[in-house]
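Chains as they are written, first to last, in my numbering: chain G, 1 to 178; chain B, 1 to 644; chain D, 1 to 107; chain S, 1 to 521.
Calculated directly from the structure, the hints in this document are not laboratory data. Using N, Cα and C, we set each Cβ at its ideal position, and we do this for glycine too. Do not rely on the hints blindly, as some may be mistaken.
Covered stretches of chain G, as calculated for chain B (at least 3 residues, CB under 8 Å) [said to hold, decoys possible]:
| no. | region |
| --- | --- |
| 1 | 99-108 |
| 2 | 148-157 |
Examples of chain B residues lying across from chain D (beta carbon under 8 Å, computed) [as the list claims (entries may be wrong)]:
| no. | residue |
| --- | --- |
| 3 | 62 |
| 4 | 504 |
| 5 | 622 |
| 6 | 623 |
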Amino acid sequence: MTTDAFLFWFLALVTFISALGVVVFANPIFSALSLVMTMVTVAALFATLNAFFLAGVQLIVYAGAVMVLFVMVLMLFDLHKEKKAFTQGAFSGSVKLLLGGLLAGLIVGAVSMSKELYKAISDQAVTNSATGIESTKALGQLLFTQYIFSFEVLGILLLVIAIGVVALARSKGGTHVK
Amino acid sequence: MDHQTLVAVLLLAPLVGFFINGFRYRKHNHLVAGAIATTMVFISFVCSILLFLNLTEMKEENRRIVVSFFEWLKVGNFKAEFSFVIDQISGIMILIITGIGSLIHLFSIEYMHHDKGVAKYFSYLNLFVFNMLLLVLGSNLLVMFAGWEGVGLCSYLLIGFWFSDESKAAAGMKAFITNRIGDAAFLIGMFILFLQFGTIDFANLNGLAPSTPTHDWLNPLTIACLLLFIGATGKSAQIPLYVWLPDAMAGPTPVSALIHAATMVTAGVYMIVRLNPIFMAAPNALLVVAIVGAATAVIAASIGIVQNDIKKVLAYSTVSQLGYMFLGVGVGAFGSALFHLMTHAFFKALMFLGSGSVIHAMHEEQDIQKMGGLKKYLPITHLTFAMGWLAILGFPGFSGFFSKDEILWMSYHSPMGHPALWVAGVLGAVMTAFYMTRLMALTFWGESRVPKNIHPHESPALMWIPLVVLAILSVIGGWIGIPHIISEILPGHPANIWEHWLNPMITKIPGLAAANPQEEWTLMGVSVTLVLLSSGIAFIFYGKASELPSKLSENFGGLYRLLVDKYRVDEFYEKALIRPFVWLSENLWLHVDVSFIDRCTHWCSNFVKGAGAMARTVQNGNLQQYAMYMALGLVVILSYILMR
Amino acid sequence: MLNEAWIEPGLNHYLMLSAIIFSLGLLGVLLRKNAIVMLMSIELMLNAVNLTFVAFSKYSGNINGQVMVFFVMTIAAAEAAVGLAIVASIFKRFKEVNIRFFEHLKG
Amino acid sequence: MLLSTIVFLPIVFGLILLAWPSERTLRPLALAFGLLEFILSLFLLHLYDPSTPKLQLVENYLWIERFGIRYFLGIDGISLWLVLLTNFLMPITILASWKAIEERVRGFHIALFVLQTAMLGTFLALDGVFFYLFWELSLVPMYFIIGIWGGTRRIYATVKFFIYTMFGSVLMLVALIYLMLVTQEVTGQMSSSILDFYKLDIPFIQGQFLSPQSLMFFAFALAFAIKVPVFPFHTWLPDAHVEAPTPGSVLLAGVMLKMGTYGFIRWAMPIFPEAAAHYAWVFLFIGAVGILYGAWVAMVQPDVKKLVAYSSVSHMGYIILGLFSMNEYGVTGALYQMLNHGISTGALFLLIGMVYERTHNRVIAKYGGLAGKMPMFALFFFIALISSIAVPLTNGFIGEFLILLGTFKAYKAVGAIVVLGVIFGAVYMLWMYKRIFFGKPGELVTHDKDHPLHDLNLREILVLVPLTVLIFWMGIFPGSFLRLSEASLKHFIANQGNYQLSVLEKESSYPMALKESNYGN
């Protein structure tokens, strides 16, 4: 087993467990912490894929900012441990579980059976794969040349959302009089 | 004045009167309203006389005045002009209508003087005269039908004149609806004639009538004639549609005199006489007419025997006399029927007005059991009423004698007649004599049974003048139609003016044998004797207070009750026709309309609603369910792509 | 017994991992009652997608995939912010974060 | 341009009313507009050439080229009188709503004017899609008129009315689209002009219901039958009438029902001649049943407005019967009866509305003896009534007579049965009249000593007099009306199997000459 392989399997395992934790923990705080863990491992997986810049962003934006937001909100709400983490309905619940399983199974099965895709792409990858610094540079170049318009639009979107969120948060909870 | 103007004035004068009095419907002055109305009808009367004189001056071959005003309705081949014809038949009719009409208007002035709606009353009366003139003058079936329905409408309005009394309003409605039944048949008859001959003009129709009569019951002509006759039974109160006429006595008495005795009810007879060539071509229909006429004459007379309301007695008498007219028409004696129509108009109008005078004197009391001995209080009324009584009896020399006798004779003698019809006719005459004498005796003769609080008094001059005029007419009116056998024994041998006058308009009865004078004398003698005998019996019964009538009624209790209940025909109609229809209507409404059709509609809408509700459960606002559907869709699409 | 080629991580491994995490996230959205946890599950799903992008980007040598991930992250952050703000304002009003409760807000 | 002006002017009026600043002068302004429109439509009488069955005053422009949909307006002897009837009733309706409508006056008048445009458009449009547009548009204002200004169950009634009629219209739309596709197949150019529809020879198989022509015919006929409404589809009508405000009832009975019968004579019968002839018995049957059924059910109605509504069912049965007797008497009578019914039933609804304004009740049993309190009202009611029961010298008689004659000529037995309707018509009307106007004063007539019932005032008399005049005018001089329709109806009867219409060329017609002389001055 190579280092790469070990790293991948280890990270995959941790990611899976922590993702599962997000879904199954009854206490939202634990879910949030599991999510942080998932973010971090996904960031690490990015790094194994040579996307160092994205790994950084993932850590800063997600694990840092977004998760802090979540945790803050949770703290703000001061939720008790919920008695029931899942919505009611045994039938619909099992259907949902089945659907989730089916979806995962279908994709996994499809991917595992597609040897050709793997081969064709991975052969190419060996020759074309760029190193970390280069990839960050290329990303920046792309962002500010080809995707400049989308980038700016995104900026405006963020601005709008920032204002909207502030407006929402300032409202006294709903439009109706109590 | 030319004919057109004369006819226009004749027709429009009553209409103008209608409008004038109609617009002053709030006014209460009976003299003004009455004067306007009477003048208008009198103007018509003058026009009628002028026209009639014009008519007499014409040559006999084309003795007719035709006046056309405008085209009323023209669609395809159907053409109806608003045109009027004055010939031998309608010439007499307009004289009767406007003449008697004027007298009755005159009578009404005093009779209605304390009524608030007097202007309204006179406007209705004028409208009636207009419509009646329309009926008799119309030169085609459609104009006649316009008048036909118009008089029915006026009759409705006048019967229900005192509308705040529920039963009077109901009587008016009954009259109109019964008439409507006849009118519907009349319409179909008109359609058949039109489709058969392509015209509805009387002159053309009569000209096109086939000369060889058809004996087929299903021949269109027979059916058309029968349907027209049903129309006539409605208007002229024959079996089976006579029931409205006795109820129609709810109206003011002069109205009964004008509409329900003298003019409107004779419209059926007039119509058949008008179309006599057509009817002669359908002898089967005439047979039905004769039988119905005879039956009506007998049955109505029998009911008349036991009536106690003075106007009801006269009403049944009218029905019975109309039966005679139809009997005459039915045996082909159109001239005699028309003759009886005229004399009946005289004496029945007289008697109705006389009864009006009595009622007026008795302060609206109509029960003859509460009268008696009125002779000394109402001498003029009594005298004139007695003239009418003698006339209706058929007392020799009085008008009724000539006309009735002729019908009886023809019903025996005519090849279309039958001795049985003659017997029925005589039976009717005998009963008529009985109840009329009873009426006279109970009202005018014998002991006074007048309640203490009523003080009868003779009517004012405005009321008795018409009575006198009509009485004179009742007496002498028959002399213009003296039968041949009588004229032979009279000095100067007066000709039968009537027959001569009408001759060109009346179809000859085929195969009519020459009269056997001996036979005729015998039959006349028999009928007159029986009539006198019967009135004698009635006089014995009712002239003085007698036990006999009550004993008789006890002994024949069943028959008596049946007569008093008028053979329970009204009850039968109520049970057999009216109730089932109301029942049907209610059930159709509640069970078909509301419960079935509407429920089907609701079922449809509920079905859609239910389907919608089912579809809506999918969209219940449960976010996770939506997400589940999304996932489901994703799985399905994915598996479809992979399985392909 | 593990196949040597199978143990060595490749594109397929990343894709499978991403599919599994995505499904977990989906299940979280479908099953959890708490609206905030649902939002977190959405983040999970987005991360799974991001992982796919990056893996494809690596194995196809095409940097465009990473650009897309960059965008997705931004959107995800925005979405989380808005979602949380809504949940927060509802919570302030009703003291409730149960997603089934939210459906009563219609009308 | 005259027809376009007539059709769309009411919309313009509506817009003006929308912007009109003064609430107080709203009604007089609307009345003036209504009168203006009526006077404008009187020019039609002047410009119309009655000697030809051709379409006149035609405006024909391509509207949507791809589907061959045209802006196509034209008038002939059939639509002429219906247009005049609509415009005649509108000012009367506006005048009658003076007291009946007290809330949202502005909106009400706008709805009326929109309705007027829709109705006029329905009568004048000669393009399938264009016709359908107006046909459906007419539902919208009526929906609001009943739904906003109606009685207590107005929502139920208006929704029922809307969905019922909509249901039929949708089938008609399907048939319309099919026809357009057929024109494309036959001529290569899709068209929805009625003239092209007339030219089509749609396959018809005797006795086979599923042949295209029969299906199309019934799709059209159902839409029209519901609107008319004939017997089994009539239940929306009593509800709609009872709940509608007086002006709504007047327009509904007076004009909107005629849209259905007009549809038969303009669209369903000539486009599908074989099917119409072959299935005439269906309509004769439901027409005859409708006459008797409507009369019987009317007889026992406790609510006077419902009674008149059911009498409409009966009267419309006559019209259907006349149309499907397919001879000149029947069809002429049917056209005439359309006008009569508009006038006499319109008058009855107006009268009922007037007494309702005074007593706020319509239950017959609570009336009685009204003739003593309101003699003038009783008189006008009686005139409308005798027109409704077809007493000669009123308009109703002419129509009913011709229809019965036509029916009897075509089918003896049907004619003989239907004549009974004449009797029952008199029965229910006179019985109602007796219960309301005669007898002892009922509780509604006497109950309020402080506010005795007033007889009609000047405005109400003004509303009724034109109708009364027309009742007698149309009854005594029917020729002056039938004259203008004669050529068209004759053409309709003579070419039953293969009905075609053409457009009157302009240069020969009188209006151009008139215009030139005007320019000369």
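Are residue 504 of chain B and chain D close enough, Cβ to Cβ, to be under 8 Å, as the hint says? Violated, because the Cβ-Cβ distance from residue 504 of chain B to chain D comes to roughly 92 Å (cut-off 8 Å).
Verify this for me: three or more residues of the region 99-108 of chain G with a beta carbon less than 8 Å from a beta carbon of chain B. holds (count 6)
Do three or more residues of the region 148-157 of chain G come closer than 8 Å to chain B, measuring C-beta to C-beta? The restraint on the region 148-157 of chain G is violated, since only 0 of its residues have a Cβ under 8 Å from chain B and three are required.
Against chain D, run the beta carbon of residue 622 of chain B and see if the smallest gap drops under 8 Å. 6 Å, holds
Tell me if residue 623 of chain B is really an interface residue toward chain D, meaning its C-beta lies closer than 8 Å to one of theirs. With a minimum Cβ separation of about 6 Å from chain D (threshold 8 Å), the hint on residue 623 of chain B holds.
Restraint check, 8 Å cut-off on beta carbons, for residue 62 of chain B near chain D: 91 Å, violated
Of the numbered hints listed earlier, those contradicted by the structure are 2, 3 and 4.
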